[in-house]
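Number of protein chains: 2
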Amino acid sequence: MLQPLKKIKVLDFTRVLAGPYCTMLLADMGAEVIKIEKPGTGDDTRGFGPFQNNESGYFMFLNRGKKSIQLDLKNPESISLLKELVKESDVIVENFRPGVMEKLGLDYETLKEINSGIVYASISGFGQYGPYSQRPAYDLVAQAMGGLASITGHPDQPPTRAGASLGDMSAALYTAYGIMVALFHRERTGEGQFVDVAMVDSIFSLLESNVMRYTVDRIVPERIGSRHPISSPFDIYRAKDGYIVIAVANDPLFSKLCAIMNQPELEKDERFNTDPLRTENVEELKVIIEEWLQAYTVAEAVELINKGGVPSSPILDIDEICEDEHTKVREMLIELEHPTAGKFKIPGNPVKLSKTPAVIQSPSPLLGEHTEEILGRFKEVKAEI
Amino acid sequence: MLQPLKKIKVLDFTRVLAGPYCTMLLADMGAEVIKIEKPGTGDDTRGFGPFQNNESGYFMFLNRGKKSIQLDLKNPESISLLKELVKESDVIVENFRPGVMEKLGLDYETLKEINSGIVYASISGFGQYGPYSQRPAYDLVAQAMGGLASITGHPDQPPTRAGASLGDMSAALYTAYGIMVALFHRERTGEGQFVDVAMVDSIFSLLESNVMRYTVDRIVPERIGSRHPISSPFDIYRAKDGYIVIAVANDPLFSKLCAIMNQPELEKDERFNTDPLRTENVEELKVIIEEWLQAYTVAEAVELINKGGVPSSPILDIDEICEDEHTKVREMLIELEHPTAGKFKIPGNPVKLSKTPAVIQSPSPLLGEHTEEILGRFKEVKAEI
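If you're matching them up, the sequences are chains W and B in order.
Everything in the first sequence is counted per the numbering used here, starting at 10 for the first residue and increasing by one.
Everything in the second sequence is counted per the numbering used here, starting at 10 for the first residue and increasing by one.
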């Protein structure tokens, strides 16, 4: 099967999370991703847990399907070799702090002279320009300065980081889309270009209507826990042995919920008989619902409520979603065999393409595994340069 | 300037958030996006606030740069007209519940017979196949069943929804990447295909190493608030007038923080003298830091801590990030003029392409504004069909 990005060669200078996830998305679609790693230790994430037979699960997930060469970027000989590779490459991705690639002599302005068709993507915390561009980037900072932390959490609690590194992951996704747009343009015109994506811009871009609430209405959105801003009861509720979602977005659904709870009087209650009133009195309504829910387990409550015609779902823990039949059928958790780590499971690609599905070409590379294969043509290479 | 997706025609059957954000990402890059709306009311979000001169800010943001035609999809004549449009289109995007497009006679299997090169993307809550595919999709459900809610929030608090609709937004991003991969493949082979993306798969895909902690180590990640799982102090802390981030990822940074706090004894304190110990005693350390922070405002503390060489940032509220100079310089908030709403600001595109930057071709369309322009060739059209 022809993979869509077959024959696309990516020089991958990225480390840790945002950059490697972006190039993983390209490798899944058939690109040849050549990861340039520092001699001896490689990508820092080779040292991040969890470990299986001393191999990092973190690294193995993000670097599946890639090749690895070891190169000391402070050695001028390495830079010369890299420039040979640049001539035959299609894409470069890096996520150093702005300015680092320039110091190495590997910035876009320099490399486009060697290969004018190159698509060169830089991912950083605050972007390549702008007053904060030199600030250090951490996911927590991106979530905090991008506005997401201020609206995540409960009203009486501090601002809260979403539990996964969304600053990195969203920047990776925007960059993958940007690279594909740039490759499409190059396919039609031969022209390469520079792609600049910031983690903080990416987080800001996920805020959807929260931004317009401010720009149009001058309302500053606040933390409202898990509830819906304008419909109630639409929230996370405590049942006997855990939490569930109940999603009532209109009066007919509320009527059904009252029937399920066997409390038809609630429907006429003047605190609750319209959606705006239910939202105004949302805390009182939550107490009533959670009192009722104390008689049911999560499984019982979800079944009972759905059966009554009201959307309800469990809140899955990571083990539950990993073991779920739906996850298996959707190939969202797939087994990989690594030469030293053995078999283990990593997330699949969520984009299900009918003709050219994502394929993991190989497990993650050993450090420098492909140095000779890739650089041997240019010179006699030792294990590292 | 040649926009990269110029001459790409997108038939857009999407409503509300995930689908419209995906096609917005295509429109920003030059695609002609033709939004098919139900006669009379159109996309539900035309009725969602905030409003400016009766125009929805929600709708205007997500549908900028698109065209609108009104068509009653239950009218066989509309379906015939749509099939004429399909012949000359490149991409179809829809986010109905699985099965709806088939009932309308507009599913991929039917339409590929008319246009074998069509790239047809479906976004749904649980995907086009799998045991839950028929379940109703809400962002809260996707966050709950995708595993994110279980790890977002504080340890003594319920699972928590991230404050923006990340199920929708991430599905939109994965689909935009998938459509671009499929278009790239089509450019090389002429072959179209079907793209299936689920909100719950998308959320699961954002969990990064949390998944491997379970699959490799059988650890079920729990809610840990905003702190870092293995480094401390790396969290959100309360200062005199609000919250800040302090990011200490190693011993030398902790030493600097102790100096900034003028409490050098903490560095030798046997509760805190290694990163694992600081993480073990993270709550005690937080109390000490927050006591110290009570003497400083957010602005003072962030300046003082950064000056001392330790990364620190404020937590920006939505108004603060919107008004920030960095946001302005990065063109992350741009002014648009709408014929009836007037001027207002919406988020820009975070992917900064040097040669073919995102361009907003027009404000969002009035309902049915382009019905005659687009369908007039095929027949005498009335305002709606």
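What the hints contain is simulated information worked out from the structure, not anything from laboratory work.
A couple of the hints might just be wrong.
Each pair may be met inside one copy or between any two copies, as identical chains are not told apart.
Listed below are the simulated PhoX-like cross-link pairs for lysine-lysine, each with C-alpha atoms no more than 25 Å apart in a straight line [what the hints assert, rightly or not]: (1) Lys265 x Lys316; (2) Lys18 x Lys364; (3) Lys92 x Lys265; (4) Lys121 x Lys249.
Against the structure, the hints:
1. In this assembly of identical chains, Lys265 and Lys316 lie within 25 Å of each other by CA distance solely inside one copy; the values are 10 Å within and 59 Å between copies.
2. In this homomeric assembly, Lys18 and Lys364 come within 25 Å of each other (Cα to Cα) both inside a single copy, at 21 Å, and across copies, at 21 Å.
3. Taking the shortest alpha-carbon separations for Lys92 and Lys265, neither the intra-copy value of 67 Å nor the inter-copy value of 40 Å comes in at or below 25 Å.
4. With identical chains, the CA atoms of Lys121 and Lys249 are never at most 25 Å apart, being 62 Å at best within one copy and 50 Å at best between copies.
Checked against the numbered hints given earlier, this structure breaks hints 3, 4; the rest are met.
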